[in-house]
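Protein chains: 2
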Amino acid sequence: MALTAHGPDGARPPWSAAWELLLPAASAPARSRGRSLAAALREAVRSGRLTAGTRLPSSRELAADLGVSRGLVTEVYEQLTAEGYLRSGRGSGTWVGDAARAAAPAVRDRAPRGGHARVDFLPGVPDLSLFPRSAWAAAHRQVLAELPHPMLGYPDPRGLPRLRTVLAELLSRRRGVVAEPERVIVCSGVAQATTLLALVLRARGHTAVGVEDPGSPEHGALLAAAGITPTGIPVDDQGVDVGALRERRVRAVVTTPAHQFPTGIAYSARRRAELLDWARAVDGLVVEDDYDGDFRYDRAPVGALQGLDPERVAYTGSVSKSLAPGLRLGWLLVPDGLTEEVVERKRVMDLGNPALDQELLAHFVERGDYDRQLRRCQRAYRERRDTLVAALHERFPGVRVSGIAAGLHVIAGLPARWGPQATFLARAAAAGVAVRPLTDHRVPAPGAPDDTGRCGAPATGSAEDEVHLVLGYAHLSPARIAEGVRILADAVQELDHARVDSTSR
Amino acid sequence: MALTAHGPDGARPPWSAAWELLLPAASAPARSRGRSLAAALREAVRSGRLTAGTRLPSSRELAADLGVSRGLVTEVYEQLTAEGYLRSGRGSGTWVGDAARAAAPAVRDRAPRGGHARVDFLPGVPDLSLFPRSAWAAAHRQVLAELPHPMLGYPDPRGLPRLRTVLAELLSRRRGVVAEPERVIVCSGVAQATTLLALVLRARGHTAVGVEDPGSPEHGALLAAAGITPTGIPVDDQGVDVGALRERRVRAVVTTPAHQFPTGIAYSARRRAELLDWARAVDGLVVEDDYDGDFRYDRAPVGALQGLDPERVAYTGSVSKSLAPGLRLGWLLVPDGLTEEVVERKRVMDLGNPALDQELLAHFVERGDYDRQLRRCQRAYRERRDTLVAALHERFPGVRVSGIAAGLHVIAGLPARWGPQATFLARAAAAGVAVRPLTDHRVPAPGAPDDTGRCGAPATGSAEDEVHLVLGYAHLSPARIAEGVRILADAVQELDHARVDSTSR
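Chains as they are written, first to last, in this note's numbering: chain A, 1 to 505; chain B, 1 to 505.
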């Protein structure tokens, strides 16, 4: 049987449709020829070009037609027979088997964050151009040169001892955290830490856990994914409302005491004490998300709540704001009684963080590079904050910028004449300025209809029809910040006129 | 009030016990002095050396006694008051607050794997000295030099496009996997992949999932942690028993078709087809753990089961055997209908793998370094396997080494005269040789008493009182392998004599 695209009698043999697929494979370099031929034949079977029951030419025939060795074809036939694509009858002959099926068309990728805004004020991302590439590369080089071989094996799921020691020192020095190395669990960031804690709390019978309202939508989403109902607890200008915690009968709450997200307040000393009293009374847990605790511009950052009672507070943070979110490195410190359970969850989740990355961060902190990086970011972000606040005051007279001078975002409260909010946001979007209203950070009551349209009551206590924006600035240069505020002001200025026009018509 | 260790009147003022703690802090370098003083004062409060209600000296007095500026002390007092460690009365005076509590003693670290065996034949770890340090370092340098800033941000939870494209090509070429980039999900390894799938299956109502018996204990443990009951399905010399799958009424099963762990067989073509028929009939899922699919020494590795029906098989593998487990990098390919759910779980778990590591691996594969590494490991591991098999035959006449020539371990069946197993294992341990019996890989029936003492029926079908060992060799040099087998033989040789002695007495 000759194996040209058309058989000698003019009819196309059943498998001639697969023929063209095999020719390039047959002319592949000798070392990969067998593999290429096998791949082409698999694809022909899967795609249905070679249908089940089709008899294949003998290895001698196919070898002659393709100009390859007979041994190669025999090997490929055996290989694909072993895999189930082909089957061989007793005695002689090779047929296409019926095990293979084609794949469904794969799903497409999602769009990236940010969209195509001209200026993006969405909060949460630091300036990635501040990442210390050369220091990081130098640390990698040195760590890789010195690392003992066994350190490349499966890591301790709680983190490498060297990094835990370094983090314990760093966190107790910078954040007033109680952090013996044995208490530190290395993880991939605050999201993983929250999920780990949520799973442990769920296993211990917590079905609802408090989250700040307004707050980070991530906290609620992560709790929900672990089977816990997030329960919004109002935040006032002192912190989360402890009375509401009692009323809702939860026994755990996720908080951001150093710089509440998004309102930007720091929990007061009194509220901290009340919160801990509550946790002790209900045998509960306070989760402290110290997401940007290193950045405070008017004074030293307020120490972590965890330092006051490490047996009632689980503390978590990461390098996402200080170095880069792409590193996926963070830490979690939990009360002693929870440690083993959390580590076991971490083990099940990923067996521990990458060892090389951990050694690298340890080296980086030990050399003082991390402190240098924090100082560098502090300087840059303070300047950007000042620029943003000044630009807001210039372009939006009467604006109220609230929250302590810290972190990577501010809250801007615009007087009522800039509203209504929906029109404001539409105009901002049309002008290519991405901004997020504070109302997006309200926590919907369980079962209640979505109240996105209603403006929440931010901690600063403002009128219903004001526009409250959460503006991230850390990732933008001062020039971009000024430009963004100008574009925004121009866009809503027009809105103001347009409204006046339509009203007077 | 003078603040020496003893007050002027000879009585120790209530806070003199904290005094010594403050002195070193006060002489810290100027830049960190405030932070040191705050840390020392926090520690004094937490530890109870300064008890609640104790009145602190005025900032002027303390500054004078410590030889620091008054402004510094004022700042520290304010800081610790804001944090809740101290409280200030109306008008004047600062007291120790009552919010702080000390930590419980932290739990100790666990012992590392392996213990202190002279020779460790436990399976699962590659030779970490084969890790290509210089090529890896070069790749890191280049990637870091070229990476656009936005790539350091939060990664796509399903993996960076560049790596997914590279893995799709690699896996379809080397393993016959159907792997469009859109189907590839980057994860931290097979453990995370299994957990992700288990969570998705659990959410879809699977309460029991099949695991191979004998099999990897990790599969069962990971399923159990996700709330699924692992159900042992017998493995014979063709693969997992499809009839048993039907009887147990599970609709998903975790398998190792290319090189079953631990028996070392490859699933036959017929069994592959039957398994897929079963999956189609019950609308089920086969999980394919391709943990060492790249290593086969007698012929090309058998292609992945997934290639036959990508809509019924979820495929997972990692660089743990080819590069290093410490990298925590792997992949997961799932049927199209499961992709979004798995990616969402991955997002909740860790927001995605570290971006830099992903780019690094992509670069490494693109340059051909990964293929080079695989060839290097192949050569080394084949030599070690040959050494082990030869040494076993020399030292344990009558031994049966089973399983195809592949992977990083063999099964050695020792004739009955080397038994009973418990004594054999005790002697091996006493001689400092770590070995694992095949019985350790039996899956306990749910609710059944632990049958560790009973010898399982391995796929090779052997007598009850034989000793079957799972011997990992990849991480040992040929010399160590030969030495280990010699020590083991000597140790149990003695056992043989001892038994004869005690019997004849």
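In short, the hints are calculated from the structure, not lab data. Where a beta carbon is used, it is the ideal one built from N, C-alpha and C, also for glycine. A portion of the hints provided could be inaccurate.
Some chain B residues judged to face chain A by a derived CB distance under 10 Å, without partners named [stated by the list, open to error]: (1) G48; (2) P155; (3) V399; (4) V401; (5) H475.
Verification of the hints:
1. G48: violated (13 Å)
2. P155: holds (6 Å)
3. V399: With a closest approach of 27 Å, the B/V399 hint is violated.
4. V401: violated (21 Å)
5. H475: holds (9 Å)
Checked against the numbered hints listed earlier, the structure breaks hints 1, 3 and 4; every other hint is satisfied.
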